[in-house]
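Asks: Chain L is fixed; fit chain G onto it per the hints.
Chains L and G, in that order, give the protein sequences.
Under our numbering, the letters of the first sequence match residues 1 to 672, in that order.
Under our numbering, the letters of the second sequence match residues 1 to 216, in that order.
Hints were generated in silico from the structure; no laboratory data involved.
No false leads were slipped in.
Computed beta-carbon distance windows for the label pairs: (1) G:E162 x L:F496: 55 to 63 Å; (2) L:A671 x G:S104: 56 to 64 Å; (3) L:D587 x G:E162: 39 to 47 Å; (4) L:T516 x G:A35: 49 to 57 Å.
Simulated pairs of lysine-lysine, DSSO-like, Cα-Cα distance not exceeding 30 Å: (5) L:K645 x G:K4; (6) G:K175 x L:K645; (7) G:K175 x G:K4; (8) G:K175 x G:K195; (9) L:K645 x L:K573; (10) L:K573 x L:K517.
Note that the structure is a prediction, hence the values are computed from the model and not measured.
Note that the Cβ used here is the ideal one computed from N, Cα and C, for glycine as well.
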Amino acid sequence: MSQEVIEITEREIEVIEVVEKGPAGPVGPQANINYTVVSSPQTLSNSQNIAADTSGGSFTLTLPTNPSAGDSIDIFDYSETFDTNPLTIARNGENIESIAEDLICNVEGAYFTMIYTGATRGWQILPRYGTTGGGGESVLTTEGDMVYRGAAINERLPIGSAGQILKVNSGGNAPEWGAAPATGVTSVGVTGSDGIEVDSGSPVTGSGTIALGVNAATLRSHINVADGAEVNVQSNWTEADSGSDAFILNKPSTFTPSAHASTHATGGTDAIAPSDIGAQYAFVTSIANLTADTTLSSGRTRKIFLNNYSSPAAKITVTMPTTGNENGDILVLAGSTVVDDIDIKNNPTGSVIATISATGQTFRFLYSGSWGLDRVYNHASQHASGGIDELALAASQITSGTLTHERGGLEADVSAYDGLVKISGGSTSAVTVTTAGEALLDDADAAAQRSTLGLGAVASSNSYTDLDNQPSIPSALNDLSNVSAAAPSDNDVLVFDTATSTWVAEAPAAGGGGGTKTYAVFTPDNNQPPASNYATLDTRNSVACLDFDDATDESAVFVGIIPEGASLGSGLKIRIHWAATTATSGDCVWLAALERMNTDLDSDSFDTAGTVTTTCNGTSGIVAVSEITLTNIDSVTAGDGFRLKITRDADSGSDTLSGDVELVLTEVRSAA
Amino acid sequence: MAYKFTAASTQYLSCASAPVTTYPLTLAAWVRRTALSGASGILSVGVNGGNHRFALQHNFGGGLHLQVIAIDNQSAAGVANTSGLTANTWGHVAGTFTSSAGSSWKSYVNGVQGTITSVETRNPTGLNFVGLGARYSGGNLGLYYEGDIAEVGIWNVALTDEEVASLADGMTCDKVRPQSLVFYAPLVRDLIDAKGGLTITNNNTATVANHPRVYA
Chain L
1 MSQEVIEITE REIEVIEVVE KGPAGPVGPQ ANINYTVVSS PQTLSNSQNI
51 AADTSGGSFT LTLPTNPSAG DSIDIFDYSE TFDTNPLTIA RNGENIESIA
101 EDLICNVEGA YFTMIYTGAT RGWQILPRYG TTGGGGESVL TTEGDMVYRG
151 AAINERLPIG SAGQILKVNS GGNAPEWGAA PATGVTSVGV TGSDGIEVDS
201 GSPVTGSGTI ALGVNAATLR SHINVADGAE VNVQSNWTEA DSGSDAFILN
251 KPSTFTPSAH ASTHATGGTD AIAPSDIGAQ YAFVTSIANL TADTTLSSGR
301 TRKIFLNNYS SPAAKITVTM PTTGNENGDI LVLAGSTVVD DIDIKNNPTG
351 SVIATISATG QTFRFLYSGS WGLDRVYNHA SQHASGGIDE LALAASQITS
401 GTLTHERGGL EADVSAYDGL VKISGGSTSA VTVTTAGEAL LDDADAAAQR
451 STLGLGAVAS SNSYTDLDNQ PSIPSALNDL SNVSAAAPSD NDVLVFDTAT
501 STWVAEAPAA GGGGGTKTYA VFTPDNNQPP ASNYATLDTR NSVACLDFDD
551 ATDESAVFVG IIPEGASLGS GLKIRIHWAA TTATSGDCVW LAALERMNTD
601 LDSDSFDTAG TVTTTCNGTS GIVAVSEITL TNIDSVTAGD GFRLKITRDA
651 DSGSDTLSGD VELVLTEVRS AA
Chain G
1 MAYKFTAAST QYLSCASAPV TTYPLTLAAW VRRTALSGAS GILSVGVNGG
51 NHRFALQHNF GGGLHLQVIA IDNQSAAGVA NTSGLTANTW GHVAGTFTSS
101 AGSSWKSYVN GVQGTITSVE TRNPTGLNFV GLGARYSGGN LGLYYEGDIA
151 EVGIWNVALT DEEVASLADG MTCDKVRPQS LVFYAPLVRD LIDAKGGLTI
201 TNNNTATVAN HPRVYA
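If we strip away everything but chain L, and leave its shape as in the complex, we get:
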């Protein structure tokens, strides 16, 4: 029979193996006692020993009615089936363990005695299991209580407070409830006697602090921190106290960079050019006395002394190094009493930087990608014509002194001059200033210049209206034959012909430029009406007009002159501006006839009329324009008088416009 903890709940009572002080007894049903096997509901009696068999199913045993204190009944799980088929003990009106609830036995193999102790506590349950002796056993009284093995007997551990954790007491011999750590420890294994150690397999995760009740030395040993270790110790190079936390042991007294000279040398990983450190005149190598051809090796600066050198048997060549040079390298050829025939070559193939052939000279050559002559002392002869460094200086490079050069040289200091300086005496001057040119250039203003140039008043006044003293037109401009293929006539004007891109002379066109031209415009009051069937004078909104009947042909006659220059080759166009008196639809037929007024005025002699049919505007008061190209113009020519007769061909079948029409304007224009 197993020993199980059976909890008493408020609603159900299960068999509890409660440790309670009481007499020790054997484990399991007692020998030599008669048990009654029951497998069905019944009421029990005092002193019965019941072997309840629930193998066939759960049933209820009812406690005796009106028990007396001290009455007892033994019950055990006959078939060890209480776990599957629980046995119910009905209280029959009395309390069981102070609770007015039936008891449900669901522990396999349970064996217990029920003893009636009175109305208050009612039937008490005495679990029957053996102990090894010692005192009585404690009773679990509160939900959550636990039983643990004490020194001699099972002991009760009451339920702890919320949040407490179960731990081993300080004596290490019993469980107890304690406070949970402030931050989570996900897994902790208890080992040793030093407190809680985190298993390697269950590391503490998260952040925060862990308050450990462990020995500091032990803790330090766990985290390999020496006794007395401090945090945030800042080292101090200058700290001299060896006992200070900031003291630095084994400080070197000097520093010798390892092999850095090569790194700063030419070709090194951090090469430094002389110009980088301002080095200019630190001489590294020198040749004390040049006597023979020499090829220089690369070096920062060097100085070659030419002292006491005189009259070599042959020209000496000094060859500049071509490799290993750095910008800023300087070669100085120091001055000597006698220097003769020395070539400074850039490379063995022979390009020459300079040839020195004068005495008492000092030269400095500067490397900037190639060797060049940087400075020459006592250089006057060097810069002269034929010298080793013949100068070609720009004027801006001359800051003082005078230059006496063959071309453009000045005879004297001209800084005091405010104007042009005349150069004279030169034999190869590029510009010759004549006397007339001098006179013009030194004129004070434009007027004086015009006077010098002999310009008259027209130019001086800047006004084209001033025609006094106008210069004569060169005769060539009077001749237009070279302008136009045809000889010009009197009064011809020059007209630009875009077709030939030339100027041509032609008679002026009436009305000005190109395009059609208006030769005459007639208004109603210009009408010189025929003797009969005449258009009658009227007004429309005070606009004068001539009324033309819609049944009888009526006419208006205008008199004019063909203007000079009129283009008549294509005839004339007659444009009639008119409006219907009331009609808003219909066609009006107009006739136009021209008479050249070179015949007897007593009779009409109009040429054949031209005609046009025009539909009136949809609004009666809006003017429509009818245009007749009149090719029969009675041979009028420019300057001829003419009569123009405008007729409404009212009786024409094509004239469908009802009512009068009103002539407002008549225009005569060129046909082309």
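Replies: Below, chain G alone, put in the same frame as chain L:
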């Protein structure tokens, strides 16, 4: 456009003042008579509600195509043409008054002077009215015109025969001695005194008609 008058409708044009009130003067107009019958006033310069007047009028019943008269307190006196007009045809009529002597008065139809003369003397006074198509006589307005009238002109001089002939040829009034023209109503649709600026009233809605042949 000329103006058409219907006598039965007592249509006439009028001005409330006279552009000329004494000698010399000339009256002229273009007329187109529907029928050469009856008598009708063409143009008068008279007295509103009075009798004194200078006038041009037809008296076809008396055989006179044109009467040119002057009336004061005495009976009418005047000169006349007995021919020249054609029904439904524009014709020009004119009368010139040099002085109060009737012998200085002249009548013209189409530039032709009439043959009837006068020896009377008349002095109309108090003139304050112009009538076109009617005239005051004895205080009564009458002799309403039946036909068309246009190009009415009044000068404060007696035009010459040639000048009247120019008018008859179609010259508009403003082309003939314009400096003496004191009243000019072309009657081209608009009722305007193009010279004197008098207000012309259309009484009883006289209508417009085709204009005569003039050189505008």
